[in-house]
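2 protein chains.
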Amino acid sequence: MTITTEPFEMSLAALRARRGNKWNRYPADVMPAWVADMDFTIAEPIQRAIEKLIVEERDYGYGYRAGENSLPAAFAHRMNDRYGWAIDQDLVLNVTGTVQGMFVSTMGLSEPGDGVLIQTPIYPPFLMTIEKSGRRLVENPLRDTGSGWELDIEGMRAAADAGTKVLLFCNPHNPTGRVYTREELQAVGDLAVERDLVIISDEVHADLIYSGHKHIPIATLSPEIAARTVTLTAASKGFNLAALRCSVIYFGSQALRERFRRVLPDYVLGSSSVVGIDATVAAWYHGQPWLDEVLKKLEANRDYVAQFIKDQMPGIRHHPPQGTYLSWLNCEDLGLPGESPYHFFLEEAKVGFNQGGDFGPLGKNSVRLNFATSREVLDEVLGRMADAIERAPALAR
Amino acid sequence: MTITTEPFEMSLAALRARRGNKWNRYPADVMPAWVADMDFTIAEPIQRAIEKLIVEERDYGYGYRAGENSLPAAFAHRMNDRYGWAIDQDLVLNVTGTVQGMFVSTMGLSEPGDGVLIQTPIYPPFLMTIEKSGRRLVENPLRDTGSGWELDIEGMRAAADAGTKVLLFCNPHNPTGRVYTREELQAVGDLAVERDLVIISDEVHADLIYSGHKHIPIATLSPEIAARTVTLTAASKGFNLAALRCSVIYFGSQALRERFRRVLPDYVLGSSSVVGIDATVAAWYHGQPWLDEVLKKLEANRDYVAQFIKDQMPGIRHHPPQGTYLSWLNCEDLGLPGESPYHFFLEEAKVGFNQGGDFGPLGKNSVRLNFATSREVLDEVLGRMADAIERAPALAR
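First to last, the sequence lines map onto chains A and B. Here the first sequence is numbered in the numbering used here, starting from 1 and rising by one per residue. Here the second sequence is numbered in the numbering used here, starting from 1001 and rising by one per residue.
Read the hints as simulated data drawn from the structure, not as lab findings. Hints are not guaranteed to be accurate.
[Stated by the list, open to error] Interface residues of chain A toward chain B, partial, derived using beta-carbon atoms under 10 Å:
id, residue
1, Ile-50
2, Tyr-64
3, Ser-133
[What the hints assert, rightly or not] Stretch-level coverage of chain B by chain A, calculated; a stretch enters the list once three of its residues show a Cβ under 8 Å from a Cβ in chain A:
id, stretch
4, 1023 to 1036
5, 1052 to 1061
6, 1103 to 1115
7, 1118 to 1130
8, 1229 to 1242
9, 1274 to 1283
Here the structure is a predicted model, which means the values were calculated and not measured. Beta carbons are placed, not taken as given, at the ideal position from N, Cα and C, and that holds for glycine.
Build out the structure end to end from the sequences listed, making use of the hints.
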């Protein structure tokens, strides 16, 4: 089997043959629409870089990537190119995933029992980080205004008690797809300064932003905010490289870097394979044209999902995401039978979403849909949902 | 450039063109004989497995490797196949390197200030683990009997004070190449039980054992010893896959596993790429015929080095290793000029070894030579050494 890199959309048969998590978690009669990776082949320059390594060089001894081939240099290039952000390469730390980055940043920069502020509903590893590290959950729900999701700054101020030491931030926000404005970020940054919070900012979805919106790394707002900010990012989400396990922790100051290193020596973190590094480097220098094409497709899919819901499943509350390829669908008003909408759709529609309850109790009536797939798969997912909803009243009896 | 996988010996020109650490750390006029990877291409089944992934499947979404394709299953197969050791797959933890495994095991299973017992001279990350984690070095030097390296069990007993909690063990021992006998291991295990030590056993060189010797995982000695032992291993050393970053921590009991998890949640450790996992799985099921061939070559190189030293550099004290492809060369009697033998050979012979002093103060007059290379490179390394030694008296004036 040979799959060409362009066009990047894959047939259902090719997708079903994949060995990754997305197409293997659920039985074959279920259409998966969950985990956040894309059903597309990757960018040609990335594929070429890793084929060069694997097919031509076949060099698997201890890696060495210096100069512009190094991960810190590629990260510096990308941040400058996208945000005009001049980073210090000495403050870049390689880890194998953004969730790992979240865990180690939280453990390295706070103490057990410290409060960690998050905006719920939230990507489940945020909750796991707090729970498994013995920190204390400080919850600041996003507000559904009826026309979108709003950051509740006053609520954040009220929630952040004296024992709150960390803001575990997510921008673009997963699962709501909010891309925060400069004004919102400034308010968040100011509060962090006022309350002396460390900001751990997961910006792994930063590459996935739709028309009319703009990603702003919170560390770029001011030197004062940067000095207390750890930025987590990777090429893995935008360029679809999750399995290659390569992410970056960027410390906004030497002081933060040193404080972290004293608790968790670098060797604790492990490191990425040369495959992950070469792929990330290729993505950050040469991946943007591909990403621009993918974003057009994703934006069209986003709009398609929104329109379909409006037309065929108007009982679902849904605000089209400003970024990410995830739609957060509140099914509360549908009054579906069964344990949760997740279970309903899995059993009755044979569609496998992410379960809303995993994103915190606020999410229990929601599911997260991944629309980074072919129109063929998307039509099947949405069609099955609509059919099941239509059958729901009969099922509930 | 295409490099065939067989024969596995590479030309000097091909080696010089490599992008890894070994051939790039030193200037081009220096012949490298340092970091522990091999100047050979890898086994065909491993190359095929990763080419399948990269060239055919091109699937980089979140990985999923179940059943016999999973790392725990392949580890179980390998341990059973080589040692008749029945492991529990639930006690296998994936990390990205054996040094990472050493750091996290030490930090997860002891407290700052605890004593950590090691056999010196020792692979530098052992010393770094103790220093950077704030543990206390408890030193138990190996004894040079004149005819080989001996584990000093009585010295170990004397060194292990009440505050000593961990034995950070290395078998086969790096840098001396000792492969411990069952009797030695039993004595070590008994002492660990007697003094209630956790054994963290780095066995990453276990695949590299020469005629007349046999690797015995210390955890196989008895259930009582297993219950306190963490075994660190990987396919990376024997199968030359360091850059793919895939290692295993194996906990000898559920209690040890739980104790570790409470201090360091699994997410702290990150995880290997699917490339590293698929390569390791292929190595553990299908790599042994290649390894058998490599071992013949390595054993011949080992003997060649020993004979050359005996004939041409008799002032070097050297015990041919029983395992590993590393020769530990004590140059004290040569009375070389300069800061250390490492600096002497680097500057005067243009040969880049590992510096003995990095293996602890006991190693300051030694260098570590890596003989996993072509005869062409080895001849150059040894020839340059002998020439420089011949010129040393003139240089010292």
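Output the indices of the hints that this structure fails to meet, ascending.
Every hint satisfied by this model.
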